[in-house]
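Chain A is already provided as a structure; the job is to place chain B with the ligand on it using the hints.
So the sequences go chain by chain: A and B. 1 is the number of the first residue of the first sequence in the numbering used here; add one for each residue after it. 1001 is the number of the first residue of the second sequence in the numbering used here; add one for each residue after it.
It is possible that some hints are incorrect.
Said to hold, decoys possible - Here are the simulated lysine-lysine pairs, DSS-like style, with alpha carbons at most 30 Å apart:
no., chain 1, residue 1, chain 2, residue 2
1, A, K227, B, K1326
2, B, K1220, A, K145
3, A, K145, B, K1199
4, A, K2, A, K198
5, A, K2, A, K199
6, A, K32, A, K20
7, A, K106, B, K1199
8, B, K1324, A, K107
9, B, K1289, A, K221
10, B, K1192, A, K243
11, A, K20, A, K221
12, B, K1289, A, K243
13, A, K221, B, K1036
14, A, K227, A, K32
15, A, K195, A, K107
16, B, K1220, A, K2
17, A, K2, A, K227
18, B, K1324, A, K243
19, B, K1326, A, K243
Unchecked claim - Away from chain A, derived, C-beta distances all over 10 Å, residues of chain B:
no., residue
20, K1059
21, P1110
22, A1118
23, A1139
24, A1185
25, K1220
26, I1251
27, S1276
28, Y1315
Said to hold, decoys possible - Here are a few chain B residues that face chain A, going by a calculated C-beta distance under 10 Å:
no., residue
29, I1146
30, S1184
31, G1186
32, G1230
33, A1255
34, G1312
Note that these hints are calculated values from the structure, not bench results. We put the beta carbon where it would ideally sit given N, CA and C, even for glycine.
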Amino acid sequence: MKFLVPLKRVFDPDTRIRLKADGSGVETDGVKYAINPFDAIALEEALRARDLHGSGEVVVVSIGSTDSQEQLRAGLAMGADRALLVRHEAEIDSLAVAKILAAVYKKEQPNLVLMGKQAIDDDSNQVGQMLAGLLGIGQATFISKLTLPADANEATCCRETDAGLEIVNVTLPAVITADLRLNEPRYVTALGIMKAKKKPLEELTPADLGVDATSRVRTLKLGLAPKRSAGIRVQSVDELLQKLRAETLIP
Amino acid sequence: MTANSTHVLVVAELERGQVKGATLAAVACAQQIAQKTGGRFDILALGHETSSVGDALGKYGAGRVYLADSSDLKNPQADKASQVITQVAKTAGATVVIAASSTFSKDILPRVAAQLDAGMLTDVLSVTAEGNDWTLQRALFAGNVIATVALDGPVKVFTVRASAFAAPSPSSTASPVASVELNSAGQPNQIKFVSCDEKPSGRPDATEARIVVSGGRALKNSEDFERLIGGLADVLGAAVGSSRALVDAGITPNALQIGQTGKVVAPELYMALGMSGAIQHLAGMKDSKRIVAVNTDPEAPIFEVADYGLVGDVYQVVPELIQKLK
Ligand SMILES: Cc1cc2nc3c(=O)[nH]c(=O)nc-3n(C[C@H](O)[C@H](O)[C@H](O)COP(=O)(O)OP(=O)(O)OC[C@H]3O[C@@H](n4cnc5c(N)ncnc54)[C@H](O)[C@@H]3O)c2cc1C
Chain A
1 MKFLVPLKRV FDPDTRIRLK ADGSGVETDG VKYAINPFDA IALEEALRAR DLHGSGEVVV
61 VSIGSTDSQE QLRAGLAMGA DRALLVRHEA EIDSLAVAKI LAAVYKKEQP NLVLMGKQAI
121 DDDSNQVGQM LAGLLGIGQA TFISKLTLPA DANEATCCRE TDAGLEIVNV TLPAVITADL
181 RLNEPRYVTA LGIMKAKKKP LEELTPADLG VDATSRVRTL KLGLAPKRSA GIRVQSVDEL
241 LQKLRAETLI P
Chain B
1001 MTANSTHVLV VAELERGQVK GATLAAVACA QQIAQKTGGR FDILALGHET SSVGDALGKY
1061 GAGRVYLADS SDLKNPQADK ASQVITQVAK TAGATVVIAA SSTFSKDILP RVAAQLDAGM
1121 LTDVLSVTAE GNDWTLQRAL FAGNVIATVA LDGPVKVFTV RASAFAAPSP SSTASPVASV
1181 ELNSAGQPNQ IKFVSCDEKP SGRPDATEAR IVVSGGRALK NSEDFERLIG GLADVLGAAV
1241 GSSRALVDAG ITPNALQIGQ TGKVVAPELY MALGMSGAIQ HLAGMKDSKR IVAVNTDPEA
1301 PIFEVADYGL VGDVYQVVPE LIQKLK
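Isolated chain A, as found in the complex (with noise of 0.2 Å):
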């Protein structure tokens, strides 16, 4: 089966967030970059698939700078055959990225889409959704398990809802989108790097594929968010009680 796995650049998830003096936009010196977790499961989850079936390919693909060389390197390095950088500087929405990424689906024809269900700098969550729409396939999106036989023509996944685990069949091919609990992606080793460097990685514009990446969201500002001040430490149980009590939150 080949896969097409989708890799977004993103702050390290420990990073502590700062905004430019000037409001302009977050503060990148001295940030540490990785590949978006979410999407790190996912391709996580593609080359276990590829290497049980003994066969298939995986490609991965990032939208960005020259900058995201060096996530698409990353997850040649974790095993991926094959990566595509379609180059784009300004501000995209997920609507644009979803159309970018439905005509990489139509050049490369993978059985499975396999993404990240959100970036963990946007907390959009839409993109693999989106996609799916635009090409008319199935979906199965916030997915903690797969089960994909090597010759199979659904997949069935269990999906984390507000309600529960929820299981569905999608017919093949598909837009599946990673959940935390899915794997725990392997790290990256030396020979991994390595044999990364003699991987190909492709470049091509939004204009190559056709697709016009205008971004119909707009980041007029910026702000921190408004952060809370410590309260008090209180040094009992009842004096605990006795505060919720004064303002009348519990009985």
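Just chain B with the ligand now, with coordinates in the frame of chain A:
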């Protein structure tokens, strides 16, 4: 485009045949938009055997309540549900499609947005609508940054954060109810529902409760969680929640996870018991009106956001709380 052509379609969410409370937050948002723009709004519910829902949803001044009722929509999947929503949005001439944020709406609405070629925002906190010039606010970076954004294009789609819009009170008027013609032959059939392990717990949902009692890694197993966190929740009539650490460990079900990648709650009182206060957890609860933290580590970051902090062991503090509240 004239201002009063704004036409909002609210997608309601049903749970075991009833309207989920969070849907009313989306209705409140639609009322605000309709009022500011001189436009109007309709509500659409999808499901099976939805007739009682029409009355419940008809009490909020919607121009119309659409019911899409079919056995195919009993456990609505994104392929069919998005097609129905897109069809209703197009026929009704909706310029805005919204729903309350949840795994239901996050699964389906982006697909609708793609089908309508519309830009979309997730988890909107506020809307300023003047004619066709709209600015909306939403959180980025696990709630650390608030972005003010414009959403261009003739059709806009977004989900709203339920805790950011107060539920409206029902009125005595009733909106007309229309049933949606479904052509089952033309329906996609790519996603087949197999099962859901939903277990009604008898406790309120964390997104709707006045009090949420939430446990972290300090809880060693599910029996302790149930006895301490569940026990305290029950004496308070509260909902339960948990950190990701407990879900990962299999101690709590995923439906309890609060945070950046779980549920976002803002109750009157949030009790954070035996959890460190990681930014990803704070993203799901830091807008609570009051926060109580109990932790053995006086330096735990959760104390930085707590109104009332108690340094102590949950295995001692919680039984004492339960006993004194009984
Ligand atoms: C991409 C991503 C998404 C994430 N999404 C979420 C999310 O949605 N929700 C979420 O919760 N996390 C999320 N996390 C995980 C998050 O970073 C933390 O790992 C997690 O919240 C920690 O849970 P915890 O506070 O229960 O455990 P810990 O961080 O281990 O904290 C346990 C705390 O309990 C205290 N303690 C121990 N024993 C006792 C005792 N007997 N009595 C009192 N206190 C005690 C300790 O002092 C400590 O402070 C995410 C992480 C990533 C990378």
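Right, here's what the structure says about each hint:
Between A:K227 and B:K1326 the CA atoms are separated by roughly 35 Å; this puts the pair beyond 30 Å, and the hint is violated. As the CA atoms of B:K1220 and A:K145 are separated by approximately 25 Å, the hinted pair is consistent with the 30 Å bound. Taking the CA atoms of A:K145 and B:K1199, the gap is about 20 Å. The hint holds against a cut of 30 Å. With a C-alpha separation of about 20 Å, the suggested pairing of A:K2 with A:K198 holds against the 30 Å cut-off.
With a C-alpha separation of about 17 Å, the suggested pair A:K2 and A:K199 falls inside the 30 Å cut-off, and the hint holds. As the CA atoms of A:K32 and A:K20 are separated by approximately 16 Å, the hinted pair is consistent with the 30 Å bound. Between A:K106 and B:K1199 the CA atoms are separated by roughly 41 Å; this puts the pair beyond 30 Å, and the hint is violated. Simply put, B:K1324 and A:K107 have alpha-carbon atoms about 66 Å apart, too far for the 30 Å limit, and the pair is violated.
Distance restraint check for B:K1289 and A:K221: the Cα-Cα separation of roughly 26 Å lies within the 30 Å cut-off, and the hinted pair is therefore satisfied. Between B:K1192 and A:K243, the direct Cα distance comes to roughly 51 Å. Violation of the 30 Å bound is thereby established for this hinted pair. Taken as a hint, the A:K20 and A:K221 pair is honoured in the structure, with Cα atoms around 12 Å apart against an allowance of 30 Å. With a C-alpha separation of about 14 Å, the suggested pair B:K1289 and A:K243 falls inside the 30 Å cut-off, and the hint holds.
Proximity of A:K221 to B:K1036 is assessed by CA-CA distance (about 22 Å); at most 30 Å being required, the pair is judged to hold. Distance hint between A:K227 and A:K32 is fulfilled; the C-alpha atoms sit about 24 Å from each other, no more than 30 Å. The hinted pair formed by A:K195 and A:K107 meets the criterion: a straight-line CA distance of about 25 Å does not exceed 30 Å. Annotation: proposed proximity of B:K1220 to A:K2 is violated, straight-line Cα distance about 42 Å (limit 30 Å).
Distance check on the hinted pair: A:K2 and A:K227 sit about 46 Å apart at the alpha-carbon level, beyond 30 Å; violated. This hinted pair checks out: B:K1324 and A:K243 have alpha carbons roughly 14 Å apart, not beyond 30 Å. The suggested pairing of B:K1326 with A:K243 holds, with an alpha-carbon distance near 17 Å, which does not exceed 30 Å. With a cut of 10 Å on Cβ distances, B:K1059 stays outside the contact zone with chain A, its closest approach being about 24 Å.
Annotated as non-interface, B:P1110 brings its C-beta within 10 Å of a C-beta of chain A; the closest such distance is 4 Å. Annotated as non-interface, B:A1118 brings its C-beta within 10 Å of a C-beta of chain A; the closest such distance is 7 Å. A beta-carbon of chain A comes within 10 Å of the beta-carbon of B:A1139; the shortest separation is about 6 Å. Non-interface status of B:A1185 relative to chain A is upheld: no Cβ of that chain comes within 10 Å, the nearest being about 16 Å off.
Taking the minimum C-beta to C-beta distance to chain A, about 20 Å, the non-interface status of B:K1220 holds against the 10 Å cut. At roughly 13 Å, the least C-beta separation between B:I1251 and chain A is larger than 10 Å, which holds for a residue marked as non-interface. The claim that B:S1276 is not at the interface with chain A holds, since no C-beta of that chain comes within 10 Å of its own (minimum 13 Å). Once the 10 Å rule is applied to beta carbons, B:Y1315 is consistent with being away from chain A; the minimum gap is 13 Å.
The closest approach between the C-beta of B:I1146 and any C-beta of chain A is roughly 5 Å, which is under the 10 Å cut-off, so the hint is satisfied. Hint on B:S1184 is violated. Least Cβ distance to chain A is approximately 17 Å, over the 10 Å limit. Checking B:G1186 against chain A: minimum C-beta separation of about 12 Å lies over 10 Å; hint violated. Annotation: B:G1230 was flagged as interfacial toward chain A, and the flag is violated, the nearest CB pair being 17 Å apart, outside 10 Å.
Look at B:A1255: its Cβ gets to within about 5 Å of chain A, closer than 10 Å, so that hint holds up. For B:G1312, the shortest C-beta to C-beta distance to chain A is roughly 8 Å, which falls under 10 Å, so the interface hint holds.
Violated hints, listed in ascending order, are 1, 7, 8, 10, 16, 17, 21, 22, 23, 30, 31 and 32; each of the other numbered hints is respected by the structure.
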